[in-house]
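Those sequence lines, one after another, are chains A, B, C and D. Residues in the first sequence are numbered consecutively from 1, following our numbering. Residues in the second sequence are numbered consecutively from 1, following our numbering. Residues in the third sequence are numbered consecutively from 1, following our numbering. Residues in the fourth sequence are numbered consecutively from 1, following our numbering.
Derived from the structure by calculation, the hints contain no laboratory data. In this text, a Cβ means the ideal position worked out from N, Cα and C, and glycines have one as well. Be aware that a few hints might be false.
[Unchecked claim] What follows is a set of in silico ranges between Cβ atoms, one per label pair, in the way DEER data are often shown:
(1) H291(D) <-> P352(A): 50 to 58 angstroms
(2) G232(C) <-> A377(A): 28 to 36 angstroms
(3) E226(D) <-> Q205(C): 30 to 38 angstroms
(4) P27(D) <-> P352(A): 48 to 56 angstroms
(5) K134(A) <-> P27(D): 20 to 28 angstroms
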Amino acid sequence: MGSTSLIPPSTGMPHVPEPDLLQVLTPEGHRRPDHDLDPWLEDVTPAMLTSLHRDMTLIRRIDTECTHLQRQGELALWPPLLGQEAAQAGSAVAMQDDDYVFPSYRENGVAYLRGVDPLGLVRLWRGATFAGWKPQDHNFAAQQIIIGAQALHAVGYAMGITRDGADAAAIGYFGDGATSQGDVNEAMVFAASFHAPVVFFCQNNHWAISEPVGLQAKRHIADRPWGFGIPAMRVDGNDVLAVMAATRRALERARNSGGPTFIEAVTYRMGPHTTADDPTRYRDAEEVEAWRAKDPIDRLEKHLAELGEDVEALTADSTAAADAMAAELRAGVAALADPEPADLFDHVYAEPHHELERQREHYRLYLEQFDGPQLEAGVR
Amino acid sequence: MGSTSLIPPSTGMPHVPEPDLLQVLTPEGHRRPDHDLDPWLEDVTPAMLTSLHRDMTLIRRIDTECTHLQRQGELALWPPLLGQEAAQAGSAVAMQDDDYVFPSYRENGVAYLRGVDPLGLVRLWRGATFAGWKPQDHNFAAQQIIIGAQALHAVGYAMGITRDGADAAAIGYFGDGATSQGDVNEAMVFAASFHAPVVFFCQNNHWAISEPVGLQAKRHIADRPWGFGIPAMRVDGNDVLAVMAATRRALERARNSGGPTFIEAVTYRMGPHTTADDPTRYRDAEEVEAWRAKDPIDRLEKHLAELGEDVEALTADSTAAADAMAAELRAGVAALADPEPADLFDHVYAEPHHELERQREHYRLYLEQFDGPQLEAGVR
Amino acid sequence: MTGAAAENLTFGKAINAGLRAALADDPAVLLMGEDIGQLGGVFRITDGLQDEFGEDRVVDTPLAESGIMGTAVGLAYRGYRPVVEIQFDGFVYPSFDQIVSQVAKLHHRTHGAVTMPITIRIPFGGGIGSPEHHSESPEAYFVHTAGLRVVSPSTPQEGFDLIRAAVASNDPVVYLEPKRRYHDKAPVDLTAPLRPLGPAALAAQGSDVTLVTYGPLVKTCLQAAEAAAADGASLEVIDLRSLSPIDFGLIESSVRKTGRLVIAHEASRTGGLGAEIAATVTERCFHWLEHPPVRVTGFDIPYPPAKLEHHHVPDLDRILDGVDRALGRPNSLDSLDPFAAPVPLGSTSDHTSGA
Amino acid sequence: MTGAAAENLTFGKAINAGLRAALADDPAVLLMGEDIGQLGGVFRITDGLQDEFGEDRVVDTPLAESGIMGTAVGLAYRGYRPVVEIQFDGFVYPSFDQIVSQVAKLHHRTHGAVTMPITIRIPFGGGIGSPEHHSESPEAYFVHTAGLRVVSPSTPQEGFDLIRAAVASNDPVVYLEPKRRYHDKAPVDLTAPLRPLGPAALAAQGSDVTLVTYGPLVKTCLQAAEAAAADGASLEVIDLRSLSPIDFGLIESSVRKTGRLVIAHEASRTGGLGAEIAATVTERCFHWLEHPPVRVTGFDIPYPPAKLEHHHVPDLDRILDGVDRALGRPNSLDSLDPFAAPVPLGSTSDHTSGA
Ligand SMILES: Cc1ncc(C[n+]2csc(CCOP(=O)(O)OP(=O)(O)O)c2C)c(N)n1
Ligand SMILES: Cc1ncc(C[n+]2csc(CCOP(=O)(O)OP(=O)(O)O)c2C)c(N)n1
Ligand SMILES: [Mg+2]
Ligand SMILES: [Mg+2]
């Protein structure tokens, strides 16, 4: 593995690191030494690995549960993260509470590890709300559908951290496809110019719906940030330890006035883009199979076995935890009420708006004629 | 001078060239060898140098004439290019007729060398028209004011060249500030993805109105394209031969299916951003003075002297040509008529538009009450 | 209208057929967009076209709408006629600058020397249970932008006819596809001659109220007309087809006949097309109007989550309620009679002199 | 209205004073934009503020409007109240996506958990002989966007008052500065209390015609009122101040008195604010109207080159011509009487059934 120096070059001369894939766990589960990442893994114990295993297992279960719920008509849509559990869990556990996450629509695993109730995810994806949680309760922003827009939000938030002199960082998640958007590139410009304490976390899952990453980028994505003055790491996104170490390193750098860092987590979207997508139209089964061999959970299990842990037992534990969560989730779904029409008009503005009040009142009177849900009078 | 290899790296490994400034004429006018550029300068003769001298002299004269015309109230505004004559002349003379230029607002020197009548520039900047020439007459697009937008137009045009199998290239001009815009970065993404025969020509004149280039880019601008998979050259933009050589090389590469190239021409905006600007509010006189010593025309004169040419005579020739052009320009300006109100409604659409016809007719009837210019009836 | 060659096609397939015809007719036509190649677009509107015409004519682009629009401008400079697909309505805004400042203005900027025959296809509107940003009705932005034409078909035949007319036009055309009608089926005459872009259509004849609409709500308004007929009111339904320019001639003659006008659209009310139509018709038909034009529209709110969208998008009942209002029949809003309430609810007006 | 502390200030200086007050009052306020630091902005509206409040509070940003708007959103997430300067109207479009899909929607998206107290300052409108893209009137785009408030001051005092109200508002506010009035001077009370954003102002009282306008045309309309008075017509001039929401209460009571309404703005006519005002006033005051509302606006064309702009921007004469029309007096358009011409000029309508 290459030595990806994070120290920005002191001269104007280009100094681009070898973009070898940073990896500490091989697909076979062997731990390999890495000069750059090992210092960030000194506290790794079997207990921590077990905890990571449970995290990934739970994330995967949320994902499969929600995919089922969509098939059963409970959800309108679901964007599976199958295959990306290590990228999401590894980065999420690297964060501190004060760090603030700006996710895309696919970071449902990160959401969970930030304490978001899976039922909040369900409410979002069944079309009952646009945000199933309060961002400030989890330092986890509303999910972003406009590709790349949140990268700028992360940078702006990070600029605020600097102004506040706070000990925190922002982290913006986006995909490989998003790197083509102007906003993501402008985010790099602003992050570099303002030396913002931000981490760009790009999950290169090889596909943007039907478009392969090669259509978006002719070089490794991690090669691009350097030209903006932002150091980058290219990590094996299916290696939860490598991802955790890289994210810790980048966040720590941000918190210590080191400025922005870009992480390309190389992973793979095993499922469809969303439950509405049919990937057989555009990609080969062999490609998917090849990636199955790099499964992030399997890999961690192999590693745990190599360490002599009782994998069967801990898998059983993880699975039990997942079963419990899934049962709770299904019970919650069964009890979900539909949103109220008041949600239409509430919070469009933070302050009174007489024309919208009028429309609300019109609609209240209109609904009164029917048996269905009614609008309350006079409430904003 | 570094050896800026234009061959894209064959592996995915980063391979960023030394971004030393490519230079073949020192500020003192000495010719120095350059491995990369010399092959593109084999046809340079004293006659060609003399011609370049005249080109730059004429460009500078247009610039100073128009600055005067603005002061005299003949122009509404003028964006001086003083100091950037070598960047504009060197790149313009490298082009072939079939190449197509997408300029910003400051490429008035390039316009002139593409055969645009200076009076067309005057009509544009006095506010009589938005395009003082037909783009297709000069393969020179309408000037672009929206920062960076034209970079995408150049790429799109180049994609068209590829589809046509034509032996031509597109060249998009923009400034250092423009590199922060999403459009310029998206242009690099598209150019790389479609291997478009396009040259990005960035005149880094160190300022974007009052903002120094350091606010836009933390590294050399020429470092950025590599990460997109686009080779870049950083050339001394006040060295007309280096600029010409680099542009020839890049255009030739484009014409021979080599794909896009980025040129950062390092130069300096000696004057204000436009005649409406007051640069003393934001930059030091010393900085300007330091750049005066690198004047592109002086430099070429020193070189011609070193070659034993009769600089006094050729300067006199160039000046005479400039005087003649300026006299013609002033005569033309004196004879300029104001645009007709028909221009308001003409060519908003290429095909009939009944509601706009109606507005036109309304306005015709309205104007009929007065003594001023009238609208013709029934003409579209 | 459906000739010998008429085939029963879905709306989506009809547009697909129109695009195929355009590609076949003119080598300068090319399609660009995200996922339009092998996938055939997320709605499959370009299904099979890349296989048929090649990757050079049906181009999967990087994921950047400004990039798509800006390169389309460059291609138009070179003589091409790009047909751009924006994947969903809410994703057009990153390209708004290229549309407003370049696509719309370049022909005028160059005194006609350059044409911008770019077609911008946008699946728009709600009603299909989508996530945020997937159900917007952005037409007013484009209608207010001089230099653009804007059209929206409401039937498979119109889908076919208008896409061909849009691609053939030398002006830039925003072509808004009512996505929730993609699966509607009807006979489509694929041999229909090229028709002009501008005229509106009289979708249903009537004598009591003129009901003007476009795109996805045409079907709903035709249903409203049937329901109203059962209730003794005869609605004349006008399908605008062209939103810019608007064929006011047809609307005016109808209103001069009925004296009553209802306009229905999904887009938010304030500054929507309903305002323009109401204002223009009032200017031109004031003395014929028996009642002020009535607007039945989406609210002035962001498009809501799927579970609430049926409240926002005007449906049969809300349209009929508007018709009742225009007819002076009892309707839900009687108790909020605007004429009785000179000051809007909740107004905190403080009418001091500005001098 | 001008208290003891009133100072004679230009419009530009009044806004500058308002920004200074906002920065001094609340450490969460910060200014962002291109060239707003040492240069003080190309119009010098932020002159001196960076020296006074530091580079952390008055921030020169890279040249990228989407970047400015998107980072402002992030700062708002963190509790800041960014005041963003867009250098000229025509440069706001690269940030349109962030404005429409983020700034306008985030409060609603998060059920009120996040506020977006972002002020977007835009020098707008024409009349100063600028190049292309420097004279646009983009207000209709923002007014049609739910979630935004839009205001435009017309006097130095309003400039001061409204910028403070905008910055203090917890909603995002597009603050449109009539750039050609920057040099107008008037006494400004810098101790004026914080006022609400919404109310319109009765700029001149009158009884024959209600003339509604905003921003740069308020001055022109007041001149028109004087000229009309000399001609025996009494105009009531309403300065909207708030373009979204519109204070219809004041307009309605005026129209109920005059029975005649003229709306004047520089923006293109189709889909402009005039349409909304005409439509809403017709809905609410139909029985009081003696004449259909008259719109005096820019044409449906791209803003023209400087030498032609006086044709496009409504001036005194065009406004008076509109007033004559509303009054049924002889006016230039009599020979193109819309009531006499049921079918628009040049219409190629082909009214076939769409069924
Ligand atoms: C501005 C915008 N354009 C298009 C889309 C439609 N879209 C949704 S997801 C997607 C692909 C994103 O790919 P990538 O960034 O790689 O993320 P991934 O889905 O793989 O996680 C596209 C094109 C969108 N949501 N926003
Ligand atoms: C989208 C946009 N934003 C802002 C401006 C205003 N503006 C005009 S020129 C300029 C600076 C451009 O700097 P640079 O790209 O370095 O080009 P230069 O003027 O130095 O040639 C700015 C901010 C603009 N024209 N377009
Ligand atoms: Mg992806
Ligand atoms: Mg510059």
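Original post:
Do G232(C) and A377(A) keep their Cβ atoms within the hinted range of 28 to 36 angstroms?
Top reply: holds (33 angstroms)
Subject >> Pairwise beta carbon distance, K134(A) to P27(D), judged against the given window 20 to 28 angstroms >> reply: holds (25 angstroms)
Subject >> Whether the CB-CB distance between P27(D) and P352(A) falls inside 48 to 56 angstroms >> reply: violated (27 angstroms)
Subject >> Beta-carbon spacing of H291(D) to P352(A) - inside the hinted bounds 50 to 58 angstroms or not >> reply: violated (34 angstroms)
**OP:** Confirm or reject the claim that E226(D) and Q205(C) have a C-beta distance inside 30 to 38 angstroms.
**Re:** violated (51 angstroms)
Comparing the model with each numbered hint stated earlier shows that hints 1, 3, 4 do not hold.
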